[in-house]
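**Q** Sequence:
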Amino acid sequence: MNRRSTIQGIAPGVILFITVMLCGKVNSNPVQQSVNQGSGKDAAAQTCVLSGKVINFDTGQPVPNFYLIYSKANGALIEYLQTDEQGSFNTTAPRGSERCFRYDFSRGGTYIIDRDRQDTFVPFRGIIRSDIKDFIFKVKLWPVKVLAGKVLDRASGAVCNASVYIHRDVPAVKTDSSGGFEIRVAPTDRDFDLFAISEDMNRAGLVHLKAGSTTAIINLQPTKSYKGRVVDTKGRSVRPFKFIIGLRLNGSSSDCLQQQIQADTDGTFTVDYLYPKTHYLFWWFPDEQINSTIGEYGSKTIDLTKQKSDENIEIIVEQYLNSVSGRVHNADGAPVAKVKIMVLTHSVQAQYRRYKAVYSDKKGRFKHENLADGKALLNFYAKGYKSRRVWTSTNVDNLDIVLKSPSETSTCEVHVVDDEYRPVPNVPVHLDFNVLESGRLLTSQAAAANAEGIAEFRIKDFGDKVRAVGTGSCDIEGYDLACNSVSDSSDTQVILVLHQKGDCWSGKIVDPQQNPVVGAKLYLISMEQRVKTPQRTTVQALDQSFFSDPSESTMLTRTDAKGEFVLHRFNKKDFVRIAVKAPGFKSQQIDFSVEDDQAVVSVASNLSIVKDFVFQLSPGVAVLRVLLVDESSGRPLSNVNIELRAQNNLSRDVSTGKDGTFVIEDLEPGEYVPVMKTSDKNYVCIHDVLIAESGKTIQVTLKARNGILLKGRLIESKTQQRPSARRVYLEARLKSGQTISSDSIDKNGGWELLLPPGDYDIYCSIFHDDILRFIDSEEPLSVTVENKEYDNLVLEIDGRGSLSLQPPSLVGRALPDFKDLNLPPLPADTDNKMILVCFFDMNQRPSRNCIIELGRRAEELKQKGVATIIIQASKVEANELDEWVKKNNIPFPAGQIQGDKEKTRFVWGVQSLPRLILTDIKHIVKAEGFGLDELNHELQETEHVER
Numbered sequence: 001m002n003r004r005s006t007i008q009g010i011a012p013g014v015i016l017f018i019t020v021m022l023c024g025k026v027n028s029n030p031v032q033q034s035v036n037q038g039s040g041k042d043a044a045a046q047t048c049v050l051s052g053k054v055i056n057f058d059t060g061q062p063v064p065n066f067y068l069i070y071s072k073a074n075g076a077l078i079e080y081l082q083t084d085e086q087g088s089f090n091t092t093a094p095r096g097s098e099r100c101f102r103y104d105f106s107r108g109g110t111y112i113i114d115r116d117r118q119d120t121f122v123p124f125r126g127i128i129r130s131d132i133k134d135f136i137f138k139v140k141l142w143p144v145k146v147l148a149g150k151v152l153d154r155a156s157g158a159v160c161n162a163s164v165y166i167h168r169d170v171p172a173v174k175t176d177s178s179g180g181f182e183i184r185v186a187p188t189d190r191d192f193d194l195f196a197i198s199e200d201m202n203r204a205g206l207v208h209l210k211a212g213s214t215t216a217i218i219n220l221q222p223t224k225s226y227k228g229r230v231v232d233t234k235g236r237s238v239r240p241f242k243f244i245i246g247l248r249l250n251g252s253s254s255d256c257l258q259q260q261i262q263a264d265t266d267g268t269f270t271v272d273y274l275y276p277k278t279h280y281l282f283w284w285f286p287d288e289q290i291n292s293t294i295g296e297y298g299s300k301t302i303d304l305t306k307q308k309s310d311e312n313i314e315i316i317v318e319q320y321l322n323s324v325s326g327r328v329h330n331a332d333g334a335p336v337a338k339v340k341i342m343v344l345t346h347s348v349q350a351q352y353r354r355y356k357a358v359y360s361d362k363k364g365r366f367k368h369e370n371l372a373d374g375k376a377l378l379n380f381y382a383k384g385y386k387s388r389r390v391w392t393s394t395n396v397d398n399l400d401i402v403l404k405s406p407s408e409t410s411t412c413e414v415h416v417v418d419d420e421y422r423p424v425p426n427v428p429v430h431l432d433f434n435v436l437e438s439g440r441l442l443t444s445q446a447a448a449a450n451a452e453g454i455a456e457f458r459i460k461d462f463g464d465k466v467r468a469v470g471t472g473s474c475d476i477e478g479y480d481l482a483c484n485s486v487s488d489s490s491d492t493q494v495i496l497v498l499h500q501k502g503d504c505w506s507g508k509i510v511d512p513q514q515n516p517v518v519g520a521k522l523y524l525i526s527m528e529q530r531v532k533t534p535q536r537t538t539v540q541a542l543d544q545s546f547f548s549d550p551s552e553s554t555m556l557t558r559t560d561a562k563g564e565f566v567l568h569r570f571n572k573k574d575f576v577r578i579a580v581k582a583p584g585f586k587s588q589q590i591d592f593s594v595e596d597d598q599a600v601v602s603v604a605s606n607l608s609i610v611k612d613f614v615f616q617l618s619p620g621v622a623v624l625r626v627l628l629v630d631e632s633s634g635r636p637l638s639n640v641n642i643e644l645r646a647q648n649n650l651s652r653d654v655s656t657g658k659d660g661t662f663v664i665e666d667l668e669p670g671e672y673v674p675v676m677k678t679s680d681k682n683y684v685c686i687h688d689v690l691i692a693e694s695g696k697t698i699q700v701t702l703k704a705r706n707g708i709l710l711k712g713r714l715i716e717s718k719t720q721q722r723p724s725a726r727r728v729y730l731e732a733r734l735k736s737g738q739t740i741s742s743d744s745i746d747k748n749g750g751w752e753l754l755l756p757p758g759d760y761d762i763y764c765s766i767f768h769d770d771i772l773r774f775i776d777s778e779e780p781l782s783v784t785v786e787n788k789e790y791d792n793l794v795l796e797i798d799g800r801g802s803l804s805l806q807p808p809s810l811v812g813r814a815l816p817d818f819k820d821l822n823l824p825p826l827p828a829d830t831d832n833k834m835i836l837v838c839f840f841d842m843n844q845r846p847s848r849n850c851i852i853e854l855g856r857r858a859e860e861l862k863q864k865g866v867a868t869i870i871i872q873a874s875k876v877e878a879n880e881l882d883e884w885v886k887k888n889n890i891p892f893p894a895g896q897i898q899g900d901k902e903k904t905r906f907v908w909g910v911q912s913l914p915r916l917i918l919t920d921i922k923h924i925v926k927a928e929g930f931g932l933d934e935l936n937h938e939l940q941e942t943e944h945v946e947r
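So for the sequence shown, our numbering puts the first residue at 1; every next one is plus one.
Please keep in mind that the hints were generated in silico from the structure rather than gathered at the bench.
You may find that some hints are simply not true.
List of simulated lysine-lysine pairs, DSS-like, C-alpha gap at most 30 Å [claimed, not checked]:
1. Lys508 to Lys696
2. Lys862 to Lys922
3. Lys465 to Lys501
4. Lys300 to Lys611
5. Lys133 to Lys72
6. Lys227 to Lys210
7. Lys711 to Lys922
8. Lys224 to Lys138
9. Lys926 to Lys862
10. Lys383 to Lys747
11. Lys340 to Lys367
12. Lys140 to Lys210
13. Lys386 to Lys338
14. Lys367 to Lys501
15. Lys338 to Lys383
16. Lys735 to Lys53
17. Lys886 to Lys819
18. Lys887 to Lys875
19. Lys875 to Lys901
20. Lys340 to Lys308
21. Lys300 to Lys224
Working from the sequences, and respecting the hints, build out all of it.
**A** Okay, structure coming up:
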């Protein structure tokens, strides 16, 4: 969000709203009343009851003793819940908190979740506004029977205390003294295996059983030890190296039996207690300690039935031993410090280092480590300079980078290469820029690659009001299409790979009844080319490119009468992401991946793998037709970017046309809030919610009006400073859960939120080194924004992540209105006197002592020209207050807070009692929060100023 030097007299932004209404001018006078807040502690005290049932999806029967993981939105565990014999569960949540339920495995071995057929493991995620006592969670479970069996040795003797496994999601069962055991989850709809191992692990056995089996005999045989070696792709020993060995039964996604092995200094290892008549999964992962040179998660299935006893098990991994270092300076040769340098080609970067930046030192020097052989795309960003993207070998120690002024024209170098990374000279290269949201063409250029295969372009500045996306492409006979995205705001190098014409991605689109969907449109969303770069033995993935939102400029094809499509000239060597749109169906994204020869489908953030390339569209969408107009003039607003934000669905980005309209024909059912991005990059919205229902058309006119700017600082309770975390964010959400405005906290703790009048919850997210420390969903800060200006607000966050809004200082401001204090008429001469206000509580000794002492000094205060007023800050009976004042001879007008006590105390800045506030004769506050022992000093200071 852009910062502003002042907000006096500035229209802070634009807000979308549906109903016709008039909005008064934003008040530019000094703040008289700040944001009205609900205390986080009060919010926490308003506890909501959450209860419901878990039922079997197939049978409709309650599932007893079923485990649920109950957590905060960020995954932090609150508790494990277990259903009772009727399948019921019960818990609580603070009102306004964000909560999540997930299915968990059985502790008692009574059920197994059908992971292959389960649609979701998160039956609920949302913000709790009130009691919810009718949750119904449907879970797909294995249909099961009880199986009784025995574990025997080779002499048919009983083996006691052996462990019998069927699946990772249920605990192993132990055999009794007769070798007997009972499995309560033997499946009736699929064949399955049982594995048993003796207590000393020297004997093991496995038996394959038919679906519905109710008895089993497992005969144990000796386990064996196996030797192996870990080498990299160049045959070098890998050390140090650790890996995990596991046995995965009956579709388990994790290990039933697990051993952690660390290779010796020469890369060799020994594994004991393996059963020679089955297969094991060997898997490993990179980390910053032992496996620091390993770049990727990896695994290898070892079939011991085919492994010779004297043959080594060989594990081959790729080591990431390279580094790129160099120096960054400006055009005058001066070093540029604190340059943020990111590797954008993740295929050559160790996974634990991805998305982590390095920064140049005072001399402009930098170093990126743990890179694989190949080519890396580095992005250099520094405040006050134009960003730059540079391709380089991953084994360079003297890279020289020059950063230009942001006012200079951006340039683009397009490098055209073939499958062997050889330059392709004298070929035509095109560079087009389109509007991100609409795909409208802005500019088009063409150039020929030189003898080194490089085409150069100068990029026009499109200004802040246009979000442009560029596409560099090379389209020549005999080759498949090569294209990549180009930034309009940085100096960029782009690689285009010309593949010899080959197999292209294809598939079929059907409806739930497997009927073809005719005329479905397919749009290019993203692409990632593959090429064999120098020094590599395998093909490398280059950077992932992204194109404009689905529009005519990115449409690739339509399905034919059979629902089939072919992505002509999009080579199977490359990764391609497309969007599929068809009237009446939910939008779908498809990722085509050559590594697995499969596609990954994404619908409303749910992922599934499709291996046969037949993609099913889901019906049940709404149609939205919108006209956007200016509230004051009524004229349509063209080429405006709007985001429809949802709580549990993906948000949708759209852009109005020349007539100020847009249409969405495949809107996911749900509640949406329209958010408009103005030219000054402020997000604004209203609290009106668009409700999209399946099969229905919504036709609305959105009217734009000015918003309310809130500005302030965020501090920690302990330090009274900005949180030390690398990244801190604030979010303002509607009560229905949609985020309306957000801002990152600057280095001084400053923030801005642009909001329409209404009620909101403020959340805080704190990130430490790419790890989410917490999301303040436990006790959000509830605020009411009125149609006035807000400045110098102070948000305070405690160690548990709870937010509170500190009352603004009254110093330098006029006293707030007395209307909520139930005061008797003030003396006529008060207008020309200083005013001393004391908030107190007659039930607290410090407050009583303060008022009694002021009463003793009443004549002194009167002589000094001070009118004293006392205000009872907590609720008592009026006659009790009158009697107490009379009993203690208090000669001052006495009032009592009426109505919303917390709101009034906040407006007056009353954080503790007693609270003294002193004004000058013009009734401008000069001091607040001081003690009685400081009263004379404050009076002298105020009198001195008056003179």
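**Q** Which of the numbered hints above does this structure break?
**A** 3, 6, 8, 14 and 20
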